[in-house]
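Number of protein chains: 2
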Amino acid sequence: MPITVQDVLDKLMEPVNHIQNTVDTLKAGDPAAEVKAIATAFMATHKVIEQTIALGANLLITHEGIYFSHHDHTEDLEKDPVYNEKRRLITESGLAIYRFHDYWHRYKPDGIMAGLIQALNWQSHIVENQPAATILSIPSMTVAEISEHIKGRLGIKFLRFAGDLSMKCTRIGLLAGYRGGGSLCIPLYEQEDLDLIIYGEGPEWETPEYVRDANNQGMKRNLIVLGHAESEEPGMSYFAQCLQKMFPSIPTYFIPVEQALQVI
Amino acid sequence: MPITVQDVLDKLMEPVNHIQNTVDTLKAGDPAAEVKAIATAFMATHKVIEQTIALGANLLITHEGIYFSHHDHTEDLEKDPVYNEKRRLITESGLAIYRFHDYWHRYKPDGIMAGLIQALNWQSHIVENQPAATILSIPSMTVAEISEHIKGRLGIKFLRFAGDLSMKCTRIGLLAGYRGGGSLCIPLYEQEDLDLIIYGEGPEWETPEYVRDANNQGMKRNLIVLGHAESEEPGMSYFAQCLQKMFPSIPTYFIPVEQALQVI
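Listed in order, the protein sequences are those of chains A and B.
Taking my numbering, I'd label the letters of the first sequence as residues 1 to 264.
Taking my numbering, I'd label the letters of the second sequence as residues 1001 to 1264.
It is possible that part of the hints are untrue.
Said to hold, decoys possible - Which residues of chain B face chain A? A few of them, derived with a C-beta cut under 10 Å, are:
{"no.": "1", "residue": "Asn1021"}
{"no.": "2", "residue": "His1046"}
{"no.": "3", "residue": "Glu1050"}
{"no.": "4", "residue": "Glu1064"}
{"no.": "5", "residue": "Gly1065"}
{"no.": "6", "residue": "Lys1151"}
{"no.": "7", "residue": "Leu1154"}
{"no.": "8", "residue": "Tyr1178"}
{"no.": "9", "residue": "Glu1192"}
{"no.": "10", "residue": "Glu1206"}
{"no.": "11", "residue": "Pro1208"}
{"no.": "12", "residue": "Glu1209"}
{"no.": "13", "residue": "Val1225"}
{"no.": "14", "residue": "Phe1254"}
Stated by the list, open to error - Calculated lysine-lysine pairs in the BS3-like style (CA-CA distance at most 30 Å, straight line):
{"no.": "15", "chain 1": "B", "residue 1": "Lys1157", "chain 2": "A", "residue 2": "Lys168"}
{"no.": "16", "chain 1": "B", "residue 1": "Lys1027", "chain 2": "A", "residue 2": "Lys220"}
{"no.": "17", "chain 1": "A", "residue 1": "Lys157", "chain 2": "B", "residue 2": "Lys1168"}
{"no.": "18", "chain 1": "B", "residue 1": "Lys1079", "chain 2": "B", "residue 2": "Lys1036"}
Because the hints were derived from the structure by calculation, they are not lab data.
Just so you know, even glycine gets a beta-carbon here, dropped at the ideal spot from N, CA and C.
Extracted from the complex, chain A is given alone in its bound form:
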């Protein structure tokens, strides 16, 4: 019996209570189409869409939206050539694109976090899974050593940090995606006795400035900033593995992207 796009979506939402006003919708394509192969990625970049088509997949499942907007606001892009070219590519291909964001974060544990921890090979160091953060206790390593470990495991060229590279850390707070805000991260240092927070993305003059102040006061507090995609992409690679188990008959691919911002 053929498996449709809607069958896949229903199966993915099954483990979680219905979420109202979710961004997890079918952004393009026909829910009744038979799924030939599935690709997953952090985001449906123009290149990822081309790669999906080239792989023969007709369902692309991504964590973020297509058009650079969490709530799909495209009103101001109607005359934009980049937007129109991307839209044309999607429409002509007939590709179905589903965003799997809110539901995947609500899995227990959070699918994005589980994938990140697996990629870092830190599964055995988990102390507690909180709703937005995971607390870890690792064997003592310096901030520089942890940075090299992360870069090697995630295959990324650079990280940003605040604090002291030579400081030894064991207690870590890990937050994927845009969860680096001060109101979420700053109280965690004291509450959880953290040496280091590792997050995806956050406002620059919140947590980084707190860490700078802490160091100027002689306090042991450090920060590593992975980047948004860098912190969530492993969760979409892990998702491809889960998907392959759910639908063994459908070929499933994970498509990685380069770091969107490079350093000069």
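Add chain B to chain A, keeping to what the hints say.
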């Protein structure tokens, strides 16, 4: 006749119509105190506060807030040792700290933008000052050459970019602070026929991903990300110059900070 803290604040707000619900308030100190010397900075970091005191200044004017929060939310920091130590330092010193954010941005031209353009030595290349962006037309340079120019002029060690370092650019959109969001930046490329946008800070999967897609489509669109402080600090250096002219009898200092996030 002595000049008080309140005299300075009144003078600074004079050129702009009264702003309701502004974050520009006296965060610490006594408005009736006589001003001995003034320091300006991007932000009142712990170190900046110590330097201000060491300079003999008793009024510190900064662009951002003290406690890592745009709206001064400190409820969750009451037990935090870094917060308490910083608070103690401020209280014991008697230092007055004023935030000069909304008003300075409302000067004509925007004081932060004027300072950034002066620092870049691009005053003669201004095409148009829009409310949130300045459009510039510079002699043709590659993205790499522009990056080196910026790093040298602003004295910063690294920048981030998306696009093609070898691409020649003339039309630039410049946006200081947290104005890198896709809804603001993305339409500017087409509307203003821009080769390059340079902004302070913005969400990573908005404008950077648009630029990535544009390049994969063969479109000439580039992005340089300065960092939030990096983009606004020159406006506070420029402000110190303006302040010295307004109050010639009061010694005035500008205190720079290092980049809060370093690259590894």
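With a cut-off of 10 Å, does the beta carbon of B/Lys1151 approach a beta carbon of chain A closely enough for the hint to hold? B/Lys1151 check passes; min Cβ-Cβ to chain A is 8 Å, inside 10 Å.
Agreement of B/Lys1027 and A/Lys220 with the hint, judged by alpha carbon distance not exceeding 30 Å: With a Cα-Cα distance of about 27 Å, the restraint between B/Lys1027 and A/Lys220 holds, given a limit of 30 Å.
Under the criterion that the straight-line Cα-Cα distance not exceed 30 Å, is the pair A/Lys157, B/Lys1168 satisfied? Cα-Cα ~25 Å, so holds.
Take the C-alpha atoms of B/Lys1157 and A/Lys168, compute the straight-line distance between them, and say whether it is at most 30 Å. holds (25 Å)
Have a go at the B/His1046 hint: is there a Cβ in chain A nearer than 10 Å to its own Cβ? Hint holds; B/His1046 Cβ to chain A Cβ min 4 Å, cut 10 Å.
Hold the hint about B/Tyr1178 up to the distance rule: shortest CB distance to chain A must be less than 10 Å. With a closest approach of 7 Å, the B/Tyr1178 hint holds.
Hint B/Leu1154 vs chain A: min CB-CB distance below 10 Å? At about 13 Å, which exceeds the 10 Å cut-off, the nearest Cβ of chain A leaves the hint on B/Leu1154 violated.
Hint B/Val1225 vs chain A: min CB-CB distance below 10 Å? holds (6 Å)
At a threshold of 10 Å, is the proposed contact between B/Glu1209 and chain A supported by beta-carbon distances? Holds, because the Cβ-Cβ distance from B/Glu1209 to chain A comes to roughly 5 Å (cut-off 10 Å).
Would the hint on B/Glu1050 be counted as holding, given a Cβ-Cβ threshold of 10 Å to chain A? At 8 Å from the nearest chain A Cβ, B/Glu1050 passes the 10 Å test, so the hint holds.
Please verify whether B/Lys1079 and B/Lys1036 have alpha carbons no more than 30 Å apart. violated (33 Å)
Holds or violated: is the Cβ of B/Pro1208 closer than 10 Å to a Cβ in chain A? holds (4 Å)
Taken one by one, the earlier hints fail for this structure at numbers 1, 7, 9, 14, 18, listed in ascending order.
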